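Protein chains: 2
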Amino acid sequence: MYRTNTCGELRLADAGKEVTLAGWVQRSRKMGGMTFIDLRDRYGLTQIVFNNADNAGLCEQANHLGREYVVQVTGKVAERSSKNPALPTGDIEIIAGDLKILNPAEIPPFTIEDETDGGDDIRMKFRYLDLRRPCVRKNLELRHKMTMEVRRYLDSKGFLEIETPMLVGSTPEGARDFVVPSRMNPGQFYALPQSPQTLKQLLMVSGMDRYFQIVKCFRDEDLRADRQPEFTQIDCEMSYVEQEDVITLFEGMAKHLFKELRGVEIDEPFIRMPWSEAMKRYGSDKPDLRFGMEFVELMDILKGHGFGVFDNAAYIGGICAKGAAGYTRKQLDQLTDFVKRPQIGAKGMVYARVEPDGTVKSSVDKFYSQEVLQEMKQAFGAEPGDLILILSGDDAMKTRKQLCELRLEMGSRLGLRDKNKFACLWVVDFPMFEWSDEEQRLMAMHHPFTHPKDEDIPLLDTKPEDVRADAYDMVVNGVEVGGGSIRIHDSALQAKMFEILGFTPEKAQEQFGFLMNAFKYGAPPHGGLAYGLDRWVSLFAGLDSIRDCMAFPKNNSGRDVMLDAPAALDPKQLDELQLALDLKEK
Amino acid sequence: MYRTNTCGELRLADAGKEVTLAGWVQRSRKMGGMTFIDLRDRYGLTQIVFNNADNAGLCEQANHLGREYVVQVTGKVAERSSKNPALPTGDIEIIAGDLKILNPAEIPPFTIEDETDGGDDIRMKFRYLDLRRPCVRKNLELRHKMTMEVRRYLDSKGFLEIETPMLVGSTPEGARDFVVPSRMNPGQFYALPQSPQTLKQLLMVSGMDRYFQIVKCFRDEDLRADRQPEFTQIDCEMSYVEQEDVITLFEGMAKHLFKELRGVEIDEPFIRMPWSEAMKRYGSDKPDLRFGMEFVELMDILKGHGFGVFDNAAYIGGICAKGAAGYTRKQLDQLTDFVKRPQIGAKGMVYARVEPDGTVKSSVDKFYSQEVLQEMKQAFGAEPGDLILILSGDDAMKTRKQLCELRLEMGSRLGLRDKNKFACLWVVDFPMFEWSDEEQRLMAMHHPFTHPKDEDIPLLDTKPEDVRADAYDMVVNGVEVGGGSIRIHDSALQAKMFEILGFTPEKAQEQFGFLMNAFKYGAPPHGGLAYGLDRWVSLFAGLDSIRDCMAFPKNNSGRDVMLDAPAALDPKQLDELQLALDLKEK
Numbered sequence: 022m023y024r025t026n027t028c029g030e031l032r033l034a035d036a037g038k039e040v041t042l043a044g045w046v047q048r049s050r051k052m053g054g055m056t057f058i059d060l061r062d063r064y065g066l067t068q069i070v071f072n073n074a075d076n077a078g079l080c081e082q083a084n085h086l087g088r089e090y091v092v093q094v095t096g097k098v099a100e101r102s103s104k105n106p107a108l109p110t111g112d113i114e115i116i117a118g119d120l121k122i123l124n125p126a127e128i129p130p131f132t133i134e135d136e137t138d139g140g141d142d143i144r145m146k147f148r149y150l151d152l153r154r155p156c157v158r159k160n161l162e163l164r165h166k167m168t169m170e171v172r173r174y175l176d177s178k179g180f181l182e183i184e185t186p187m188l189v190g191s192t193p194e195g196a197r198d199f200v201v202p203s204r205m206n207p208g209q210f211y212a213l214p215q216s217p218q219t220l221k222q223l224l225m226v227s228g229m230d231r232y233f234q235i236v237k238c239f240r241d242e243d244l245r246a247d248r249q250p251e252f253t254q255i256d257c258e259m260s261y262v263e264q265e266d267v268i269t270l271f272e273g274m275a276k277h278l279f280k281e282l283r284g285v286e287i288d289e290p291f292i293r294m295p296w297s298e299a300m301k302r303y304g305s306d307k308p309d310l311r312f313g314m315e316f317v318e319l320m321d322i323l324k325g326h327g328f329g330v331f332d333n334a335a336y337i338g339g340i341c342a343k344g345a346a347g348y349t350r351k352q353l354d355q356l357t358d359f360v361k362r363p364q365i366g367a368k369g370m371v372y373a374r375v376e377p378d379g380t381v382k383s384s385v386d387k388f389y390s391q392e393v394l395q396e397m398k399q400a401f402g403a404e405p406g407d408l409i410l411i412l413s414g415d416d417a418m419k420t421r422k423q424l425c426e427l428r429l430e431m432g433s434r435l436g437l438r439d440k441n442k443f444a445c446l447w448v449v450d451f452p453m454f455e456w457s458d459e460e461q462r463l464m465a466m467h468h469p470f471t472h473p474k475d476e477d478i479p480l481l482d483t484k485p486e487d488v489r490a491d492a493y494d495m496v497v498n499g500v501e502v503g504g505g506s507i508r509i510h511d512s513a514l515q516a517k518m519f520e521i522l523g524f525t526p527e528k529a530q531e532q533f534g535f536l537m538n539a540f541k542y543g544a545p546p547h548g549g550l551a552y553g554l555d556r557w558v559s560l561f562a563g564l565d566s567i568r569d570c571m572a573f574p575k576n577n578s579g580r581d582v583m584l585d586a587p588a589a590l591d592p593k594q595l596d597e598l599q600l601a602l603d604l605k606e607k
Numbered sequence: 022m023y024r025t026n027t028c029g030e031l032r033l034a035d036a037g038k039e040v041t042l043a044g045w046v047q048r049s050r051k052m053g054g055m056t057f058i059d060l061r062d063r064y065g066l067t068q069i070v071f072n073n074a075d076n077a078g079l080c081e082q083a084n085h086l087g088r089e090y091v092v093q094v095t096g097k098v099a100e101r102s103s104k105n106p107a108l109p110t111g112d113i114e115i116i117a118g119d120l121k122i123l124n125p126a127e128i129p130p131f132t133i134e135d136e137t138d139g140g141d142d143i144r145m146k147f148r149y150l151d152l153r154r155p156c157v158r159k160n161l162e163l164r165h166k167m168t169m170e171v172r173r174y175l176d177s178k179g180f181l182e183i184e185t186p187m188l189v190g191s192t193p194e195g196a197r198d199f200v201v202p203s204r205m206n207p208g209q210f211y212a213l214p215q216s217p218q219t220l221k222q223l224l225m226v227s228g229m230d231r232y233f234q235i236v237k238c239f240r241d242e243d244l245r246a247d248r249q250p251e252f253t254q255i256d257c258e259m260s261y262v263e264q265e266d267v268i269t270l271f272e273g274m275a276k277h278l279f280k281e282l283r284g285v286e287i288d289e290p291f292i293r294m295p296w297s298e299a300m301k302r303y304g305s306d307k308p309d310l311r312f313g314m315e316f317v318e319l320m321d322i323l324k325g326h327g328f329g330v331f332d333n334a335a336y337i338g339g340i341c342a343k344g345a346a347g348y349t350r351k352q353l354d355q356l357t358d359f360v361k362r363p364q365i366g367a368k369g370m371v372y373a374r375v376e377p378d379g380t381v382k383s384s385v386d387k388f389y390s391q392e393v394l395q396e397m398k399q400a401f402g403a404e405p406g407d408l409i410l411i412l413s414g415d416d417a418m419k420t421r422k423q424l425c426e427l428r429l430e431m432g433s434r435l436g437l438r439d440k441n442k443f444a445c446l447w448v449v450d451f452p453m454f455e456w457s458d459e460e461q462r463l464m465a466m467h468h469p470f471t472h473p474k475d476e477d478i479p480l481l482d483t484k485p486e487d488v489r490a491d492a493y494d495m496v497v498n499g500v501e502v503g504g505g506s507i508r509i510h511d512s513a514l515q516a517k518m519f520e521i522l523g524f525t526p527e528k529a530q531e532q533f534g535f536l537m538n539a540f541k542y543g544a545p546p547h548g549g550l551a552y553g554l555d556r557w558v559s560l561f562a563g564l565d566s567i568r569d570c571m572a573f574p575k576n577n578s579g580r581d582v583m584l585d586a587p588a589a590l591d592p593k594q595l596d597e598l599q600l601a602l603d604l605k606e607k
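Just so you know, the sequences run in chain order H and E. Residue numbers for the first sequence follow our numbering, so the first one is 22 and each next one is one higher. Residue numbers for the second sequence follow our numbering, so the first one is 22 and each next one is one higher.
Okay, chain H solo, but in the shape it has when bound (with noise of 0.2 Å):
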């Protein structure tokens, strides 16, 4: 037995009691004739004294040990004079008896502190380092806390976690497959799951009637700040339910996992937004609603009046952001600047100032009249020190987006958008498909096993693009933690689905056969939906990416720099798999 207690628990009670400790020298201090060694683990942290007097011998030794040192120490639980509030164990300190070295250490290449010296990329190589600093941790002890809630949860409630394979069939349809070459099915690939949709589709038909998987889902794609390669969903799906059964049970237990995870009650019910009123009111389909802000249209109020830019935009909109009127030229120069962006890609940016008195100042006076701009005040309800800021453009849906990003700018800029605080909404009645310029055809906009709104259903012949799906996303804060839909279950309206998404019958069959023909067995009513996980954690956490609540993350090419993977194959291996490089010159 290498220790009696952790770093972390013992407390002025154990006085007198002999111990034995392992773990990390945190920072050593001498101070007369005695050394202070502050002891890590991932318990906390304990002081321990060794004195000169005593064993000059012992405290010699404990003189030499360096940072991140693994020792084991024996020693008497004392009361300690000067005692440290800020730590659990603080009022006490262990009068070191004995001093085993487990393991030395080089010098860590960056402080194991919260605050540390070392950036992102030797963080990375070292993770296994970066990993000991508390900060980082308790990311993952987050993490590890919310998958048991969840499974505690949906346990609770008679889901069955229910494992499906990681070596599946590449469905071209969708984001990029990452793939396998199967050496015993020369030529063959498997695909590794995008998220497992069909199969607990499947799990559905199968009479399984309540699924749940906290899975690892792959996508093959150039990664953007916040995307990884594998990423892991908190995957449901519901047998005999309707849209309300399934908001209701997972509102539930997002409400559970807010009071055990953060200690946060909501008692009101979340709202539900359609999708149709958070886009013209937000600009979004995920609104982030700490804050208002909403969209003002002014088409009415600006168009006509010799404005060139406004008097041939199909969109008009703007924001009042409260008590941003002292916005500097300089700050207004800026902002300009960041709508321009392009990420974001707005021509210009238009603003007006409340003044004082009352009386609005704007970038465009010379077109406006005061009592337009007036008029305008009113629409915003604006007053006195309020900054109102315009986009507009000839697209309503593009401009609209720019515009929230914007405002989720100001909401940022202006400190309202506090980690601190959540708010929570659905938001339903999607779109069943948007028009893919690309593709030049109608996709699904959740994807093609969504259940359209029984009303809707004549419109897929006439109006496709005007039908509503049974789908919902989940939002918290401006970011989309969780969707689902109620699915398809019957064969005749999926072979219809996939008709309308372009597919010939031949190519729906070969595609998703397994799914269609299931569904002639006696397929249950069934929905569900996923959530990912580490947007999830992230946001209970307060952290700006998904990389740091993973212990493992890669970098944005898609590297692992700690294991240098992905990496060269020894030529045997891909003889096996009867496989060549085929390297295109850069």
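Derived by calculation from the structure, the hints in this document are not laboratory data. Model, not experiment: these values are computed from the prediction. Careful, some of the hints might be misleading.
No copy labels: a pair is met if it fits in one copy or bridges any two.
Listed next, the in silico DSSO-like pairs over lysine-lysine satisfying Cα-Cα at most 30 Å (straight line) [what the hints assert, rightly or not]: (1) 541 x 159; (2) 178 x 38; (3) 159 x 178; (4) 178 x 166; (5) 541 x 146; (6) 276 x 605; (7) 276 x 166; (8) 38 x 121; (9) 368 x 382; (10) 605 x 593; (11) 166 x 280; (12) 104 x 159.
On the provided structure of chain H, position chain E as indicated by the hints.
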């Protein structure tokens, strides 16, 4: 809402209630003016009654329901006149007032009953129908319950579940990897993990202290009966532990699982048997201790009597099958054929019966006097009516393994391997290395990270083949359900181990540098173990194959016949991966 109750929950106390059920038509019977439907869901069966006299139209509708139709029924709970004590819902029935067909069903290709008429191939192709059979469903329910209990137990002991990546680096040491081409890093490949071994060790270096994960692992091996390309491990690791700490904790977990999942209370500690003893007494490192039939070595007794086969043998040993002296010549020939099968490889078998008068009749009587045979009888403690079976060979270890197979076969034939009886033990003190004829070098018996026993470390330089490891396997009923070891945490010892295993320092650095380097920054002593979840669930469920406790297993060619995976890739996908097929002629 589709239902007020499930098909498994209504009781006599519910009589008089108006309820709505939904489920599958298990069977229907017409008796006089009544039609009876057994409605099935995951939770049970409920009888529905349609009365022609009350509602002829509804009854007529019911008469047209086929097997596996999905229906919704509303009606009144009533006491049954002829109760069915075999069903929890057998005291009641539902007098139908309304019937709605939610989905019709084609006639399933096999009967959805525990005793089905479907063969293995058709059931795998229509696995979603196979899973409707209660006996198959129960295995998945048990698996869910098992993982819940494992998580609860380990969480209560301070373990954190931490997800390690699925896209890692390939390590040619060990079994063959499945690999994943990286599109973003052309010419490079990830590997799917055979186990998170090195990653969990890095988590110990990172101070996580107690880690577990229920995790998919992958091995590209030629599939034998009970192998699957993807399987699930309960993977665990602890810091600051010795072998005794790990064994104590996981024996506790095993006992907890036996109690919760099978209602079996195990009070006494598990037997600990050194590997060498297990090999000597049972010819196996995973002996089935549900029955005795221990090996008796007969070299001293049977050598040197002119029977050439024995006189030239390096090993002669046998087992005594109580009460089997009545075995016919035909049965004995079957046993001889059994041991001569190529998978077992014995050259022949000698048998001896103990007659009612105590004399011994053997198949080699002409070489042995009754006196010698009596001496043999005493060595076995054999009694009248017993059958002695003897094998010999020129390789003691090989012969012991053959005798082990014979012992297990006799155990099965004599009904000594009761699936409801559980015999648990730890096999300990494994050899560190085993000689590989194929590779002509020592190989790690567990893996290269296993810690040698402290007292045997001096032998590493002189007699490495005698070095024992701090390794342990948990064995239940002849199945290795889990195994692990204390790991090396010292980079110098780890380097020495790689040297003995024939790695050049460069190759060791190239393949395991990330781990050896990590050890330089303060690695704590650590150890752990991994359980095979599939094997363990199979054992608890009394299954013969791990396949039956997986939702969607693969066949012996590594194919998912339901999904028809693996399959050829779209040439565009291969092109994006910068790969070409290089198929060999068959």
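Here is how each hint holds up against the structure:
1. Taking the shortest Cα distances, residue 541 and residue 159 sit within 30 Å of each other only across copies (24 Å), while inside one copy they are farther apart (49 Å).
2. Taking identical chains as interchangeable, the C-alpha atoms of residue 178 and residue 38 lie at most 30 Å apart only when they sit on different chains, with a minimum of 23 Å there against 46 Å within one chain.
3. Proximity of residue 159 and residue 178 under a CA criterion of 30 Å is satisfied in both settings, with 29 Å inside one chain copy and 18 Å between copies.
4. In this homomeric assembly, residue 178 and residue 166 come within 30 Å of each other (Cα to Cα) both inside a single copy, at 19 Å, and across copies, at 13 Å.
5. Taking CA atoms no more than 30 Å apart as the test, residue 541 paired with residue 146 passes between copies only; the shortest distance there is 14 Å, against 52 Å inside one copy.
6. In the homo-oligomer, the alpha carbons of residue 276 and residue 605 never lie at most 30 Å apart, since the shortest distance is 52 Å inside one protomer and 58 Å across protomers.
7. In the homo-oligomer, the alpha carbons of residue 276 and residue 166 lie at most 30 Å apart both inside one protomer (15 Å) and across protomers (25 Å), since each shortest distance falls under that limit.
8. Taking CA atoms no more than 30 Å apart as the test, residue 38 paired with residue 121 passes inside one copy only; the shortest distance there is 19 Å, against 72 Å between copies.
9. Taking the shortest alpha-carbon separations for residue 368 and residue 382, only the intra-copy value of 21 Å comes in at or below 30 Å, while the best inter-copy value is 104 Å.
10. Taking the closest pair of Cα atoms, residue 605 and residue 593 come within 30 Å of each other both inside a single copy (22 Å) and across two copies (14 Å).
11. Taking identical chains as interchangeable, the C-alpha atoms of residue 166 and residue 280 lie at most 30 Å apart whether they share a chain (12 Å) or sit on different chains (25 Å).
12. Proximity of residue 104 to residue 159 under the C-alpha cut-off of 30 Å is restricted to the intra-copy arrangement: shortest distance 25 Å within a copy versus 57 Å between copies.
When each numbered hint is compared with the structure, a violation occurs for hint 6 only.
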